[in-house]
Amino acid sequence: MLALLPQLVLTGLTVGSIYALVALGFVLIYTVTGIFNFAQGEFSMLGALICATLLATHAPLALAALAAVAAVAAVGAATERLVVQPAFGGHPLTLIIITFGASMVYRGIALMVWGADPYALPEFTPGPPLILFGGVLGRQALWAIGLSVGVVAALFAFFTRTVWGAALRACADNAFASRLVGISPRRMSLFAFTLSAALGALAGIVIAPISGATYDMGLALGLKGFVAAVIGGLGSAPAAVVGGYAVGLIETLTTGYLTPGYGDAITFLVLLVVLFLQREGLLRGARRRAA
Amino acid sequence: MDSTHPLEVIVVRRLVPRLVVVLVAAMLTAALVSPGTPVLGQGAPIRIGVVVAVTGPASSLGKAEKDTATMLVPQLDPIGGRQIQLVVYDSESDPTQALLLMKKTVSEDNVVAVVGGTSSPEAQAMADYAMQAGIPYMSLAASTTLSVPARTWVFQTPQRNSIAAAKVAGYLAATHVRTIVFLYRNDDFGQDGLVALQTYLPRDGITIVDTEPFEATATDLTAQVTRARVHTPDAWVVWSTPPTASTAAKNIRQLGIAAPIIESHGVANQAFIDLAGPAANGVVFPAGRLLVVGSLAAADPQKAVLQRYAQDFNAANHYPANTFGGHAYDGITLLLAAIRAVGPDRAKMRDYIEHVHGFVGIGGVFNMSPQDHNGLTTNDMALVVIRDGHWQQWK
Amino acid sequence: MARGGGRRRTLWLVALGAALAALPVAAPSAYALTLFNIIGLYAIVTVGLVLLGSSGQVSLGQAAFYGIGAYVSALLAKDLGWSTLATVPLAIVCVAGAAYLVGLPTLRLADHFFVLATLGVGIIVNVLMIQMVPVTGGASGLRDIPGLGAWGLRVTTDRQFYYVVWTCVLAAVLVARNITSHRTGRALRAILGSEVGAAALGIDVARYKMQVFVLSAAYAALAGALYAHYVRFISPSPFSLYASLFFLVMAVVGGLTNIWGGLVGAAAVTVLDQVIRAEMPLVFPRVGGEYQTAIYGILLIVIMLFFPAGLVRRALDLGRTRREAGGET
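Residue numbers (our numbering), protein chains in the order written: chain X, 54 to 344; chain W, 232 to 626; chain H, 101 to 429.
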């Protein structure tokens, strides 16, 4: 029984790192703007599919990936400007429905452009998998874990060492006071969306070599990402990452040790339990209303 | 947004909602009176309805089915001086929509027969209605219960899941496999495969030591594989379609498991190979002969039909033909043969199809009977092995 | 309420009832009737969603209640042979009970989290439908479900079902209107404006929220049970997250707090769906279908931005409620 553990943990960390990246993007937007961005998963889907298309033109992988991330970041910015800004200050349900609408638009467009077939992305560094602690870790999986850790470190440095990062944090803490010192919450909102979209795209490009890229991969990824963000407490970036790994591990451990087939149900059950245990959702920064 | 400018109040708050109500009424009328989208021009009196899942989870099958209809259109010669028309609808893999569209095509387009039902739930809903309405229905889903037991108006053109499972069982027996692990997608396709294998494998003395379901959206199946490998099976059988079918193969190989991998007829497409990479090498699966048409003997009765279909499909649609499109081809051509023989009469067509013998199609050579509304056997499937990214017949 | 207004309203209702009754005669084709029947079923679910919306809550799990209603009634009628006159109400009661249990912990949550919780419930229920193969038939579904019937009378044709469904729709709408017109309605509007404010006014917020939540689930269950006995085949796929989203679109189009809007929304979206299918391939012949997804997304966005009250007149403006606590119709 215990012999299964190393492999399950490694796999859990692999998928967990993807959820962590999605959750990061989600939490970033939430702490700065108070919006639940239900289109977060679609950023990952778009990143993967755009990258696949660029690769088909025989562009080198690094270039294709970078271009895809940039393109999706632009999509994130456009989403913020066109769809979110006009609804700022409205009823929270309005914003929830709007971001849902955005996710449907992206999914629909993806279906029209790329069709329903899965697309293959090559691994970043093809080669035999590594053997660690009695379990097997694919090279792409190592990239996934490495990237999520790297991104968190970079974000940490960004938030603590740069002016923009400090501005974002200020906005997350207190939008009103930030405005008083000259930080524009609207601009921070735009920045948050752009950055989150880029993170989402990265997650999609990293996971696609393992799981393939399809027009509907965003919904499942997005949902798991939300679960991860909520479990982590929606408070901060490290919390989102911890939540991501937690969801990944829960998923693989329950599949490995308990009954298979109920994996998704158990993940969402954990979400419900966490929701109920948190005191009526009054978290740090829960009731944001950036003006 | 909170403007109270008079013009805005008048236009936005009053005019638009009223306009919308009028629009809705107009749309309602339009939807009710407009006929379906004919694939061929106008004035064609004999119509066949085609309701397939061009989009949704079953789209990898349904799109080929629709494109087969598109391909056939220029080849539809008039029968008895009357043009033939194929009316195509997208059910989006939704059984409610499939039923609704079937009712639409029967009552609005006055079709003489219907081909469709890409996924099993859709086909079941459509089959029930076919029985109510008394119209010949060629279902394109592989669920065994569609033709077993046989229902008067319902026929099935794909090799039903039980045949595919029997083929796999035969392969396992021939290669002296005693124990298998069954990984399957947790939907009607996978569950149907499980039931079929549970029926056939014990007859050959093969035991399923473990079954592991997974979601169609799963990104990694290492957990299931890890859990199953403790049973050290002789072979691994995976019942799904890409991308998860490929992910399964990759994960199995990644864990260093060298045992043979057998997949279902759901991987009879290039996407499986593209996604699985080197893991696809050596994978065996049952499929219609279309996949290995090049290596068929010249005397094979299907060879000419298969080659012509592959050529025509590729020319019309610019991508390779697959067996699922072939099921639609068989459904439509069977109906055309019936119309040619007995005219566009529903009951006569049904009788004709029920007694068809030696009808060479893409799925195989059909021999129907009142008890067998599928008409195919394990001989109509080939075992295909993937070598270096190409399909070869396994002998 | 002014006498004249009440009489006019009754006249409108009678006219509507007559129009609905005459419809099957005017458009007797199987397709049209089936379309109307499906619209009717969706209308019931949507009105339930609107009821929930009038207290400021949005559920993304209605498909779960819809589905449980369908499965319970189908199983009781098929496996136990009970009359649908019993199984349908029983299914509704079951779902209402389940909704009560679900509501106890979830209704305490703040808006975003409530939505997420209903999402979670919907997904869990869908997984259970697929997994519990011996009970639900798994992904292959349940076939040969008996049709509606009692005391020797069976509902076999689309037209007969039409009358059953639309009677239920009218009843559902009238009950909902009754609720929102009186004390409960005022309480709900107060809650919609501000829960804290409503509590300060002495309104038992928790009780009212639970009432509408259970009622909306009951509506969905009724529709689900009727669906099962109409199509006579059910599987987990019509009860997925996509279905819940579809119901949301219908409610938003009609206006999340407008009861009649629910009816219009259901009709409009269902018809739009059919029209898109028929017309889009003519405009974009090479592109595969399901343009609906993109169009519904755009619809959601446009409506929430410019017509947050839905496309039906005379509804509360959601964007304004925060400023007009306890406002009027």
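Source of the hints: derived by calculation from the structure; they are not laboratory data. Positions of the beta carbon are idealized from the N, C-alpha and C atoms, including for glycine. Hints may contain errors.
The calculated label-pair distances, taken between Cβ atoms and stated as ranges, are [to be verified]:
#1 X:N227 / H:A115: 25 to 31 angstroms
#2 W:Q542 / H:R259: 45 to 51 angstroms
#3 X:S237 / H:A118: 45 to 51 angstroms
#4 X:P181 / W:A490: 15 to 21 angstroms
#5 W:A568 / H:V235: 53 to 59 angstroms
#6 X:L116 / W:A546: 34 to 40 angstroms
#7 X:L58 / W:A404: 17 to 23 angstroms
#8 H:V235 / W:T406: 53 to 59 angstroms
#9 W:D619 / X:L116: 26 to 32 angstroms
#10 W:K626 / X:Y310: 41 to 47 angstroms
#11 X:A109 / W:T430: 41 to 47 angstroms
Now the hints, each set against the structure:
1. A C-beta distance of roughly 56 angstroms is found between N227 (chain X) and A115 (chain H), which places it outside the suggested range of 25 to 31 angstroms.
2. Between Q542 (chain W) and R259 (chain H), the C-beta spacing of about 49 angstroms keeps the proposed range 45 to 51 angstroms intact.
3. A hinted range of 45 to 51 angstroms for the beta carbons of S237 (chain X) and A118 (chain H) is inconsistent with their spacing of about 58 angstroms.
4. Our hint of 15 to 21 angstroms for P181 (chain X) and A490 (chain W) holds, since their Cβ atoms are close to 18 angstroms apart.
5. The hinted window of 53 to 59 angstroms between A568 (chain W) and V235 (chain H) is violated, with their beta carbons roughly 43 angstroms apart.
6. L116 (chain X) and A546 (chain W) have their C-beta atoms about 35 angstroms apart, which keeps the hinted 34 to 40 angstroms range intact.
7. Roughly 36 angstroms separates the CB atoms of L58 (chain X) and A404 (chain W), a value that falls outside the hinted 17 to 23 angstroms.
8. Here the CB-CB span from V235 (chain H) to T406 (chain W) is close to 37 angstroms, at odds with the stated 53 to 59 angstroms.
9. For D619 (chain W) and L116 (chain X), the hinted distance range of 26 to 32 angstroms is satisfied, since their beta carbons lie about 29 angstroms from each other.
10. As the Cβ distance of K626 (chain W) to Y310 (chain X) is approximately 42 angstroms, the hint placing it in 41 to 47 angstroms holds.
11. At roughly 43 angstroms, the beta carbons of A109 (chain X) and T430 (chain W) sit within the given window of 41 to 47 angstroms.
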